[in-house]
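**Student:** Okay, here's what each chain looks like letter by letter:
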Amino acid sequence: MKKNDLIRALRAASPAPDPARKRAFLRSLPVPPVSHTAFILGQAGYVRRSVWAVSLGVFALALAVGRTMPADGLWIGAALTPFAAMAAVTELGRPALYGMEELELASRFGLRSVTLARMGFIGLAHLVLLVLLAALGGGDVLRRGTYLLVPYLLTDLLCLELSRRVRGKEALYACAGAAVLVAGLAAALHARWGAYAPRNFRWWLLALGGTAALTGREYSKTIRKTEELSWN
Amino acid sequence: MDLEEQYDKIYRYCLRRLRDRAAAEDAVQETFARFLAAEGYRDRGKALQYLYTVARNLCADRSRRAPTEPLPDDLPAPDDTDGTLTGLALRTALAALTGEEQELIVMRYVNQEPVSVIAGVTGLSRFAVYRRTEAALEKLRRALSEDEP
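Just so you know, the protein sequences line up as chains C and P, in that order. So in the numbering used here the end of the first sequence lands on 233, straight run, no missing numbers. So in the numbering used here the end of the second sequence lands on 139, straight run, no missing numbers.
Since the hints were made in silico from the structure, they are not lab data. C-beta: ideal position from N, C-alpha, C; glycine also. Please note that the accuracy of each hint is not assured.
[Unchecked claim] Some but not every residue of chain P turned toward chain C, in silico, with C-beta under 10 Å:
(1) L(-7)
(2) R2
(3) L5
(4) R11
(5) F22
(6) G77
(7) R81
(8) L84
(9) V100
(10) Q102
(11) S106
(12) L127
[What the hints assert, rightly or not] In silico BS3-like cross-links for lysine-lysine, where the CA-CA straight-line distance does not exceed 27 Å:
(13) C:K226 with C:K170
(14) C:K23 with P:K36
(15) P:K129 with C:K4
Based on the sequences and whatever the hints tell you, model everything.
**Tutor:** In structure tokens:
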């Protein structure tokens, strides 16, 4: 008899436990508690590699441009960050894209907790990268940081709004469109109006305050929407 | 870790050690109860190895307390319709192996556990596990060939 046949026969002849007793026992088992840290770190593992790849790629490119072309680094960096924001928001819409919202809502960790954990983790990672980019790019860190954050938050804002209005794959395309639009706007601000000049910085600070507040509101709306879904 | 899948595996392991269905079920359930209670150890990785170690110690305790009888021949096997080999012949040949050989065969070939896990549970080196499982399988194959008409 061949080895593989013997192994197959061994498996086929192995007895199974009493199904009723097994079911009753497994049902009676308490669900092991999971700490917040373990939960968030566990969710980080489910974030698609492409999201991390796009994020790192965008920041590395922005850093390289900032180092090689100091004069244009500001606006090019600002024009690149929307794509990192787009990658982050598309992760949020993944359950809807694959029609898995209902299943996610019914699972042990609800869609709301999962969304919050993943967004928190990606947001934190992007913030660290933005701070690094602002610090390593040279010049005024606050100014650089603001120029990078405004288009990032604006893309976040638009993508969140779009993902609540448009469903499935269309949301992904709409978000990509919004990222291109914001990137174009960041470039146009430099080319047509010289908006990155130090004298205009107060307007950028104002824009930062506005986009941060509106993005916070959009996140809150998106999270509330998952609660409504759960209620339905 | 899929508890349902592991339940079946630990059951097969305990049944081979204890040779009694009810005792094996009890041992599996106690194994899981202890496994889930030991949260600190469990979450530090090697969960599967820990699960088997608990089951192994429990089965050793139980078989010391109540010496085991050979598995009855009428023990139902899920797939006894194989044309070339009956479950009965296979179980008889398996029962003729030593306790360690049976343990290795069940863990490696029936439960399909990685060599690293088996080495961790049994305290053998990976090479020793590989060599002994191969030897046990060969012994089983020879015993079955002798039985064939």
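**Student:** Does each hint fit the structure? Answer for all of them.
**Tutor:** Hint check:
{"no.": "1", "hint": "L(-7)", "in the structure": "6 Å, holds"}
{"no.": "2", "hint": "R2", "in the structure": "5 Å, holds"}
{"no.": "3", "hint": "L5", "in the structure": "6 Å, holds"}
{"no.": "4", "hint": "R11", "in the structure": "7 Å, holds"}
{"no.": "5", "hint": "F22", "in the structure": "7 Å, holds"}
{"no.": "6", "hint": "G77", "in the structure": "4 Å, holds"}
{"no.": "7", "hint": "R81", "in the structure": "6 Å, holds"}
{"no.": "8", "hint": "L84", "in the structure": "8 Å, holds"}
{"no.": "9", "hint": "V100", "in the structure": "5 Å, holds"}
{"no.": "10", "hint": "Q102", "in the structure": "8 Å, holds"}
{"no.": "11", "hint": "S106", "in the structure": "19 Å, violated"}
{"no.": "12", "hint": "L127", "in the structure": "7 Å, holds"}
{"no.": "13", "hint": "C:K226 with C:K170", "in the structure": "19 Å, holds"}
{"no.": "14", "hint": "C:K23 with P:K36", "in the structure": "24 Å, holds"}
{"no.": "15", "hint": "P:K129 with C:K4", "in the structure": "11 Å, holds"}
Violated hint for the displayed structure: number 11, the only one.
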